[in-house]
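Colleague: Note that the protein sequences, when read in sequence, are chains A and B.
The first sequence: position 242 = 242 (my numbering), numbered continuously.
The second sequence: position 38 = 612 (my numbering), numbered continuously.
The set of hints was computed from the structure by calculation and includes no laboratory data.
These numbers come from a predicted model, not from an experiment.
Don't take each hint at face value.
Not everything, but these chain B residues come out facing chain A in the computed CB check (under 10 Å) [stated by the list, open to error]:
{"id": "1", "residue": "Gln591"}
{"id": "2", "residue": "Gly595"}
{"id": "3", "residue": "Asp632"}
{"id": "4", "residue": "Arg636"}
{"id": "5", "residue": "Gln637"}
{"id": "6", "residue": "Gly648"}
Between beta-carbon pairs, the in silico distance windows are [to be verified]:
{"id": "7", "chain 1": "A", "residue 1": "Gly369", "chain 2": "B", "residue 2": "Asp639", "range": "51 to 61 Å"}
{"id": "8", "chain 1": "A", "residue 1": "Met564", "chain 2": "B", "residue 2": "Gly628", "range": "43 to 53 Å"}
{"id": "9", "chain 1": "B", "residue 1": "Ile604", "chain 2": "A", "residue 2": "Pro438", "range": "19 to 29 Å"}
{"id": "10", "chain 1": "B", "residue 1": "Arg617", "chain 2": "A", "residue 2": "His565", "range": "52 to 62 Å"}
{"id": "11", "chain 1": "B", "residue 1": "Asp639", "chain 2": "A", "residue 2": "Ser519", "range": "50 to 60 Å"}
{"id": "12", "chain 1": "A", "residue 1": "Lys383", "chain 2": "B", "residue 2": "Ile604", "range": "46 to 56 Å"}
{"id": "13", "chain 1": "A", "residue 1": "Thr359", "chain 2": "B", "residue 2": "Gly628", "range": "32 to 42 Å"}
{"id": "14", "chain 1": "B", "residue 1": "Gln619", "chain 2": "A", "residue 2": "Ala115", "range": "31 to 41 Å"}
{"id": "15", "chain 1": "B", "residue 1": "Gly628", "chain 2": "A", "residue 2": "Asp279", "range": "22 to 32 Å"}
{"id": "16", "chain 1": "B", "residue 1": "Leu609", "chain 2": "A", "residue 2": "Leu487", "range": "33 to 43 Å"}
{"id": "17", "chain 1": "A", "residue 1": "Lys558", "chain 2": "B", "residue 2": "Gly628", "range": "12 to 22 Å"}
Don't be surprised by glycine CBs; every beta carbon is placed ideally from N, CA and C.
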Amino acid sequence: MTAATALKPAPTTAPQSGARLLVRTLERLGVEVVFGYPGGAIMPVYDALTGSGLKHILVRHEQGAAFAADAWARTTGKVGVCMATSGPGATNLITGIANAMMDSVPMVCITGNVATHLMGTDAFQEIDILGVTLPIVKHSWVVRDPADIPAVIEEAFHVARSGRPGPVLVDLPKDVQVGMASDDYGFHYPNDADPLDHAAIAEAEQLIRAAERPLIYIGGGVKIAGAVEALRDFAGRTGIPAVSTLNALGSIRTDAPGFLGMLGMHGTRAANEAVQESDLLIVLGARFDDRATGKLNAFAPHAKVVHFDIDPAEIGKLRAVHVPVVGDLKAGIEALTTRVTTAPLAIDPWIIRCTSSATRNAFRYDAPGEGVYAPALLNELSKAAGDRFVAACDVGQHQMWVAQHCEFSRPEAHLTSGGLGAMGYGLPAGLGAKMANPGAHVVTVSGDGSFMMNIQELATLRRYGVALKIVLLDNSSLGLVRQWQELFFEENYSEVDLSDNPDFVAVAQAFGIEAFRISRREEVSAGIQRLLDAPGPCLAHVLIDPKENVWPLVPPGKSNAEMMHGESRFESDM
Amino acid sequence: MTDTIHITIDRADGSLQRLIGLVERRGFHIDGMMLSDEGSLRRVQMQVRGKDAGRCTDNLGRQIDKLVGATRVGFAAATYGFTTGAAA
Numbered sequence: 001m002t003a004a005t006a007l008k009p010a011p012t013t014a015p016q017s018g019a020r021l022l023v024r025t026l027e028r029l030g031v032e033v034v035f036g037y038p039g040g041a042i043m044p045v046y047d048a049l050t051g052s053g054l055k056h057i058l059v060r061h062e063q064g065a066a067f068a069a070d071a072w073a074r075t076t077g078k079v080g081v082c083m084a085t086s087g088p089g090a091t092n093l094i095t096g097i098a099n100a101m102m103d104s105v106p107m108v109c110i111t112g113n114v115a116t117h118l119m120g121t122d123a124f125q126e127i128d129i130l131g132v133t134l135p136i137v138k139h140s141w142v143v144r145d146p147a148d149i150p151a152v153i154e155e156a157f158h159v160a161r162s163g164r165p166g167p168v169l170v171d172l173p174k175d176v177q178v179g180m181a182s183d184d185y186g187f188h189y190p191n192d193a194d195p196l197d198h199a200a201i202a203e204a205e206q207l208i209r210a211a212e213r214p215l216i217y218i219g220g221g222v223k224i225a226g227a228v229e230a231l232r233d234f235a236g237r238t239g240i241p242a243v244s245t246l247n248a249l250g251s252i253r254t255d256a257p258g259f260l261g262m263l264g265m266h267g268t269r270a271a272n273e274a275v276q277e278s279d280l281l282i283v284l285g286a287r288f289d290d291r292a293t294g295k296l297n298a299f300a301p302h303a304k305v306v307h308f309d310i311d312p313a314e315i316g317k318l319r320a321v322h323v324p325v326v327g328d329l330k331a332g333i334e335a336l337t338t339r340v341t342t343a344p345l346a347i348d349p350w351i352i353r354c355t356s357s358a359t360r361n362a363f364r365y366d367a368p369g370e371g372v373y374a375p376a377l378l379n380e381l382s383k384a385a386g387d388r389f390v391a392a393c394d395v396g397q398h399q400m401w402v403a404q405h406c407e408f409s410r411p412e413a414h415l416t417s418g419g420l421g422a423m424g425y426g427l428p429a430g431l432g433a434k435m436a437n438p439g440a441h442v443v444t445v446s447g448d449g450s451f452m453m454n455i456q457e458l459a460t461l462r463r464y465g466v467a468l469k470i471v472l473l474d475n476s477s478l479g480l481v482r483q484w485q486e487l488f489f490e491e492n493y494s495e496v497d498l499s500d501n502p503d504f505v506a507v508a509q510a511f512g513i514e515a516f517r518i519s520r521r522e523e524v525s526a527g528i529q530r531l532l533d534a535p536g537p538c539l540a541h542v543l544i545d546p547k548e549n550v551w552p553l554v555p556p557g558k559s560n561a562e563m564m565h566g567e568s569r570f571e572s573d574m
Numbered sequence: 575m576t577d578t579i580h581i582t583i584d585r586a587d588g589s590l591q592r593l594i595g596l597v598e599r600r601g602f603h604i605d606g607m608m609l610s611d612e613g614s615l616r617r618v619q620m621q622v623r624g625k626d627a628g629r630c631t632d633n634l635g636r637q638i639d640k641l642v643g644a645t646r647v648g649f650a651a652a653t654y655g656f657t658t659g660a661a662a
């Protein structure tokens with residue numbers, strides 16, 4: 001970012017094509033990798049890519065490009081870049097764009113389009129992608145003059161990463177890609193840093209001093225703001241217990257004392273009870289998502305709320321706030337820490353109550369039976385991979401098990417489609433994350449439903465020799481839907497059976513990827529070691545009990561006080 | 575209850591569509607709208623009404639503030655109203 005914000009207007013050059021101006025601007029902005037897929041309306045850009053300093057990763061479906069760029073952004077803190085042609089290429093990006101919007105991921109999506117004189121005529125592969133994506137982008141542009149390309153691209157990067165980040169779309173009609181212009185216009189970066197609201201922070205301090213049961217509610221904004229160290233300092237020095245949303249896991253080490261786990265639908269009992277008992281929620285970059293709050297008007301019924309967020313529109317959106325602190329989270333938390341640590345807080349009984357609850361309600365991994373117990377496998381996997389662990393989850397039961405049972409030492413270690421819940425995220429996200437972090441143990445944790453949604457990206461792993469590891473937890477069904485049908489639809493199992501899945505080991509091998517299968521508990525440790533030691537991409541196909549459920553569970557629409565607990569049942573034979 | 579919001583917006587591709595889409599998507603009816611020329615910008619006067627009791631015009635205004643190329647006119651920046659669905 002600093003490299004980009006320090007940019008000076010480019011020197012005037014000889015006229016060149018819009019496509020070359022695009023590539024040149026991306027190079028100047030420090031872009032290293034672009035994930036994409038060519039097609040008719042973006043061919044001038046692909047022509048200009050050859051010989052450039054940009055590394056283009058050819059995925060096998062545009063959705064994979066968007067998810068890979070998203071994961072690149074989440075793990076590097078830089079802006080992810082993906083590109084596609086017009087029409088179907090552009091529409092295939094949509095799920096990935098929505099995913100980035102919901103989880104506030106900075107991403108620049110570049111699409112080709114038909115020539116401007118053909119726009120609005122139902123031309124071949126013409127789609128009004130700007131119109132289609134309006135609800136799921138932070139902003140978007142149609143560039144109508146090649147001379148505007150450098151400025152628009154720079155502004156696109158600025159909008160994507162500033163404030164609350166998000167995806168942006170730049171649509172380039174074909175005639176604009178081939179039209180000639182000089183690169184003589186630099187984007188003027190606004191100085192939009194808001195001053196700290198010291199009065200609000202002083203009020204927040206007063207509420208914290210008056211509270212007997214304060215609780216930190218950590219959201220994904222902490223990581224995005226680079227406020228992880230500030231948060232750890234605040235929590236460590238005040239001793240205030242903390243709970244986390246799905247997207248914020250790892251912001252505080254999951255094994256840190258005082259960290260009570262994830263709150264919400266599949267949260268820990270310790271976290272949800274603490275929220276319900278708290279008299280002050282200190283909300284840091286979170287947005288009261290319904291999966292976190294459960295029934296909203298029963299959420300934290302005794303708590304006042306202090307809400308730190310960079311997005312003013314999140315203040316009071318769903319829950320009344322007593323003290324809003326709008327602005328940069330890092331500076332805000334640091335200022336709060338300075339104030340609050342001048343005198344100790346008298347909250348020892350509350351801290352003891354929370355930490356003993358966490359100990360009492362800790363997950364157990366001694367389920368009976370011989371079959372693979374997925375929560376135990378995931379716990380062991382994260383410990384074996386250690387601080388180099390990065391999990392790229394798909395969506396479903398396995399995603400919740402990763403959130404509950406993996407240990408995370410940093411938020412970048414947990415990539416998950418939180419807001420959108422997009423099945424198919426895991427494999428391309430793992431691809432993007434591994435390319436960005438070659439030294440990390442990046443593991444895609446997927447299910448047999450999700451995996452098939454972007455299975456084609458195995459070819460991309462193979463093509464670029466990306467040593468992504470894959471744990472495919474196979475219960476031969478759409479497990480989370482099956483679980484809800486069991487619990488809330490009177491066991492009427494409708495369209496969740498996937499017992500005719502292909503042989504995933506053979507499929508992976510056909511793509512040229514090492515693969516093996518385990519089905520018994522005694523094979524787990526060796527399997528994890530084999531996976532982590534493999535020099536190239538490797539898939540572990542893990543057969544698990546199709547009837548295993550995710551516990552605890554707050555039924556949809558219910559209060560977080562109404563947690564259901566089930567027994568692990570290993571009685572059924574695999 | 576109907577509230578009136580005044581906004582200036584630029585003439586970029588999709589800017590009017592973006593504004594109207596945001597208002598409707600965030601749970602408001604647009605009961606009336608006037609668009610007028612204002613030099614390089616356009617001025618929009620919009621009568622909006624929440625589709626249910628939980629919709630808060632202040633929050634809608636803060637969503638509009640986030641649009642690139644749109645500016646609310648005649649509005650104090652830091653007023654934080656709450657949805658009626660929120661617990662006190």
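Colleague: Has the hinted range 12 to 22 Å been met by the Cβ atoms of Lys558 of chain A and Gly628 of chain B?
Modeller: This hint holds: roughly 19 Å between Cβ atoms.
Colleague: Look at the Cβ atoms of Leu609 of chain B and Leu487 of chain A and judge whether their distance stays inside 33 to 43 Å.
Modeller: violated (51 Å)
Colleague: Is the shortest C-beta separation between Gly595 of chain B and chain A less than 10 Å?
Modeller: holds (5 Å)
Colleague: Do Gln619 of chain B and Ala115 of chain A keep their Cβ atoms within the hinted range of 31 to 41 Å?
Modeller: Given range 31 to 41 Å: holds, Cβ gap about 36 Å.
Colleague: Given Arg636 of chain B as an interface hint, is the shortest Cβ-Cβ distance to chain A below 10 Å?
Modeller: holds (4 Å)
Colleague: Evaluate the given range 19 to 29 Å for the C-beta pair formed by Ile604 of chain B and Pro438 of chain A.
Modeller: violated (51 Å)
Colleague: May I ask you to test the hint 22 to 32 Å on the CB atoms belonging to Gly628 of chain B and Asp279 of chain A?
Modeller: Holds, at about 25 Å.
Colleague: Using 10 Å as the Cβ threshold, decide whether Gln591 of chain B counts as touching chain A.
Modeller: With Cβ-Cβ at 6 Å, under 10 Å, it holds.
Colleague: Hint says 43 to 53 Å; check whether the CB-CB distance for Met564 of chain A and Gly628 of chain B agrees.
Modeller: violated (28 Å)
Colleague: Could you check if Gly648 of chain B really has its C-beta closer than 10 Å to a C-beta on chain A?
Modeller: Where the cut-off is 10 Å and the nearest Cβ of chain A is about 18 Å from Gly648 of chain B, the hint is violated.
Colleague: So does Arg617 of chain B sit 52 to 62 Å from His565 of chain A, Cβ to Cβ?
Modeller: Because 58 Å falls inside the window, the suggested range holds.
Colleague: Per the hint of 51 to 61 Å, is the separation of the Cβ atoms of Gly369 of chain A and Asp639 of chain B within bounds?
Modeller: Holds - the Cβ-Cβ distance for Gly369 of chain A and Asp639 of chain B, about 56 Å, lies within 51 to 61 Å.
Hint compliance for this structure: hints 6, 8, 9, 16 are not met, and every other hint is.
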